[in-house]
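Let the hints inform the model, and build the full structure from the sequences given.
Protein sequence lines, in the order shown, are assigned to chains G and P. Position 133, counted from 1, in the first sequence is what my numbering calls 144; the numbers after and before it change by one each time, with no gaps. Position 195, counted from 1, in the second sequence is what my numbering calls 206; the numbers after and before it change by one each time, with no gaps.
It is possible that some hints are incorrect.
What the hints assert, rightly or not - Facing chain P, from chain G, some residues (calculated, C-beta under 8 Å):
| # | residue |
| --- | --- |
| 1 | Tyr200 |
| 2 | Ser322 |
| 3 | Ile326 |
Hints were generated in silico from the structure; no laboratory data involved. Fair warning: this is a prediction, and the values are worked out from it, not measured in the lab. Virtual Cβ for every residue (Gly too), placed ideally from N, Cα, C.
Protein chains: 2
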Amino acid sequence: MPELRKDPIVGRWVIISTERADRPNDFQVQHVERGNSFCPFCPGNESATPPEVLAYRPGHPNPNGPGWQLRVVPNKFPALMIEGELDREGHGLYDKMNGIGAHEVFIETSNHSKELADLSPAEVEALLWAFHDRMVDLRRDARFRYVLVFKNHGEAAGASLEHSHTQLIALPIIPRRVQGELDGASKHYESKERCIYCDIIDQEKRESVRLVYENEEMIALAPWAPRRPFETWILPKKHISNFEDAGRGIYPAFADALLTVLKKINKVLGRPPYNFTLHTSPLQKPGLPYFHWHLELMPTLTKIAGFESGSGFYINPSPPEMTAAFLREADVS
Amino acid sequence: MPELRKDPIVGRWVIISTERADRPNDFQVQHVERGNSFCPFCPGNESATPPEVLAYRPGHPNPNGPGWQLRVVPNKFPALMIEGELDREGHGLYDKMNGIGAHEVFIETSNHSKELADLSPAEVEALLWAFHDRMVDLRRDARFRYVLVFKNHGEAAGASLEHSHTQLIALPIIPRRVQGELDGASKHYESKERCIYCDIIDQEKRESVRLVYENEEMIALAPWAPRRPFETWILPKKHISNFEDAGRGIYPAFADALLTVLKKINKVLGRPPYNFTLHTSPLQKPGLPYFHWHLELMPTLTKIAGFESGSGFYINPSPPEMTAAFLREADVS
Numbered sequence: 012m013p014e015l016r017k018d019p020i021v022g023r024w025v026i027i028s029t030e031r032a033d034r035p036n037d038f039q040v041q042h043v044e045r046g047n048s049f050c051p052f053c054p055g056n057e058s059a060t061p062p063e064v065l066a067y068r069p070g071h072p073n074p075n076g077p078g079w080q081l082r083v084v085p086n087k088f089p090a091l092m093i094e095g096e097l098d099r100e101g102h103g104l105y106d107k108m109n110g111i112g113a114h115e116v117f118i119e120t121s122n123h124s125k126e127l128a129d130l131s132p133a134e135v136e137a138l139l140w141a142f143h144d145r146m147v148d149l150r151r152d153a154r155f156r157y158v159l160v161f162k163n164h165g166e167a168a169g170a171s172l173e174h175s176h177t178q179l180i181a182l183p184i185i186p187r188r189v190q191g192e193l194d195g196a197s198k199h200y201e202s203k204e205r206c207i208y209c210d211i212i213d214q215e216k217r218e219s220v221r222l223v224y225e226n227e228e229m230i231a232l233a234p235w236a237p238r239r240p241f242e243t244w245i246l247p248k249k250h251i252s253n254f255e256d257a258g259r260g261i262y263p264a265f266a267d268a269l270l271t272v273l274k275k276i277n278k279v280l281g282r283p284p285y286n287f288t289l290h291t292s293p294l295q296k297p298g299l300p301y302f303h304w305h306l307e308l309m310p311t312l313t314k315i316a317g318f319e320s321g322s323g324f325y326i327n328p329s330p331p332e333m334t335a336a337f338l339r340e341a342d343v344s
Numbered sequence: 012m013p014e015l016r017k018d019p020i021v022g023r024w025v026i027i028s029t030e031r032a033d034r035p036n037d038f039q040v041q042h043v044e045r046g047n048s049f050c051p052f053c054p055g056n057e058s059a060t061p062p063e064v065l066a067y068r069p070g071h072p073n074p075n076g077p078g079w080q081l082r083v084v085p086n087k088f089p090a091l092m093i094e095g096e097l098d099r100e101g102h103g104l105y106d107k108m109n110g111i112g113a114h115e116v117f118i119e120t121s122n123h124s125k126e127l128a129d130l131s132p133a134e135v136e137a138l139l140w141a142f143h144d145r146m147v148d149l150r151r152d153a154r155f156r157y158v159l160v161f162k163n164h165g166e167a168a169g170a171s172l173e174h175s176h177t178q179l180i181a182l183p184i185i186p187r188r189v190q191g192e193l194d195g196a197s198k199h200y201e202s203k204e205r206c207i208y209c210d211i212i213d214q215e216k217r218e219s220v221r222l223v224y225e226n227e228e229m230i231a232l233a234p235w236a237p238r239r240p241f242e243t244w245i246l247p248k249k250h251i252s253n254f255e256d257a258g259r260g261i262y263p264a265f266a267d268a269l270l271t272v273l274k275k276i277n278k279v280l281g282r283p284p285y286n287f288t289l290h291t292s293p294l295q296k297p298g299l300p301y302f303h304w305h306l307e308l309m310p311t312l313t314k315i316a317g318f319e320s321g322s323g324f325y326i327n328p329s330p331p332e333m334t335a336a337f338l339r340e341a342d343v344s
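The following block contains the structure:
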């Protein structure tokens, strides 16, 4: 008998097909591969991107020159524009504002042939510090309410360039799904005076069936009501609502957890395309007692039926207890 | 300058890239085509599906035999099971219920080589009547709260069989996005005592720039804040919250509007894959003053970046005023 499961934070119901139970080999994975065409993110082509806003380039002092390990540059085709005053306007029933915002690209490595899962722990930690540094810088800009950090890996997941990169969009609004999480978590806190994510971590540690990986500071798990097969969340064990204030000690542990989860996913699913999104509290609301930053990762395995994003109703052929077991047991040491 | 636009019903913000403004030829459309393999939906293969729950078979009295124009059968691989008592259960923090529900398939035509857009107005009207008949039947079952009617057309839109069909899922819960619409519309009604969809229709008729098509009873438009290029809504002009009580007079007009919109989309975009979802009020709540049934249609044109469904934040490269103009001006008479 299939199950209907409810996400405890946002209240979304998902059908979990317990019988069909698609296993890793049931998916037609579009393995991510690399080609050889001109790449604007490769060393030597620095002038093909807008000038960098941040770079880690030890021993090489010249911006936009070679010798970098990681570069952050404005998106050449930005979805939003950084210059201008925020202008809100009504239009009959409707609301709009001009598209002020930042749209930046983190070039994670100078090596075109490596994907994020192939980097060293120190390189992944540097990427997390770059998220931190850019968020701290952007939150000084009073026009912005939220910074959305996300990665599209592989063409089927929406990546238009193959050189490994993550993106950031700073927004003058709070995205709806983030607001839904904030509202749901706040409601739980009102009635229980506890953070719902802390409660989830407690229950998942006790039950252990949906556990994917943990280290001292971080935990990775398959959520109770996943939208897609192999959806995985990575959370800090200690309560803190915003990523950029998580503290120096957490980044090595987060790098370890992220890298381990990506390697496990690559091992079990054969280098699939994926997306991840960092969920953190709004810029002007740090230190919330009810919200808990985390990362949500989804491999691209099933055809996306538009009706799912249209209706907000998901059918997931793989129970999280099964996907968690596959990932937990995959040896990537 | 790009624009940030807010959907007035659910409050979702969308980035509309007014500069880039992808035109119909900018998309790599995966044109929908037909093959020749065995089809369980073709006449003569009636025994390959579960026994029909409804069929229009003028002059041919035998169920599950030939001579039909339209058949409705249970899905052979249902996401939910029709038999059993509804059993709700807590699990620590979490909620679940057993997967009770109906999952049915409307085989729209006996002709394998035709898609919905190729059918006659009378055939499309028959399909709408079949939706009506199944909804009226299913709402007698007290276990069900909502009937979701949706179509995945073409492989890229999630269709696993190519013979033209629509699906229905009867659910013991109300899908989250439907609930979001009900909440948003109800809030508007509380403050204005008007239906927000009626207000939208008024404004769209006045402005006409997002108008795609209208006849006496129905209107088709590009919404103010579309998630995807060429997203199109079809609404009845007269206020009514539930599809199955829309009244006999509306179905010929709805068939005309749906058929015209599909032909226009095929003409402008070259037979793209698409999804549509019928939005209607919950089964036990007919006659709502604040909700207004309608159909939402989205061609599959862009790579779906999972981050969009993950974050609830959409970037749409095609302004609705542009897509509406292309569709409005496409001559399909």
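Verification of the supplied hints:
Interface hint status for G:Tyr200: violated, as the beta-carbon distance to the closest one in chain P is roughly 13 Å, over 8 Å. A cut of 8 Å between beta carbons decides the hint on G:Ser322: the least distance to chain P is about 5 Å, and the hint holds. Taking 8 Å as the C-beta contact cut-off toward chain P, the hint placing G:Ile326 at the interface holds, the least distance being around 5 Å.
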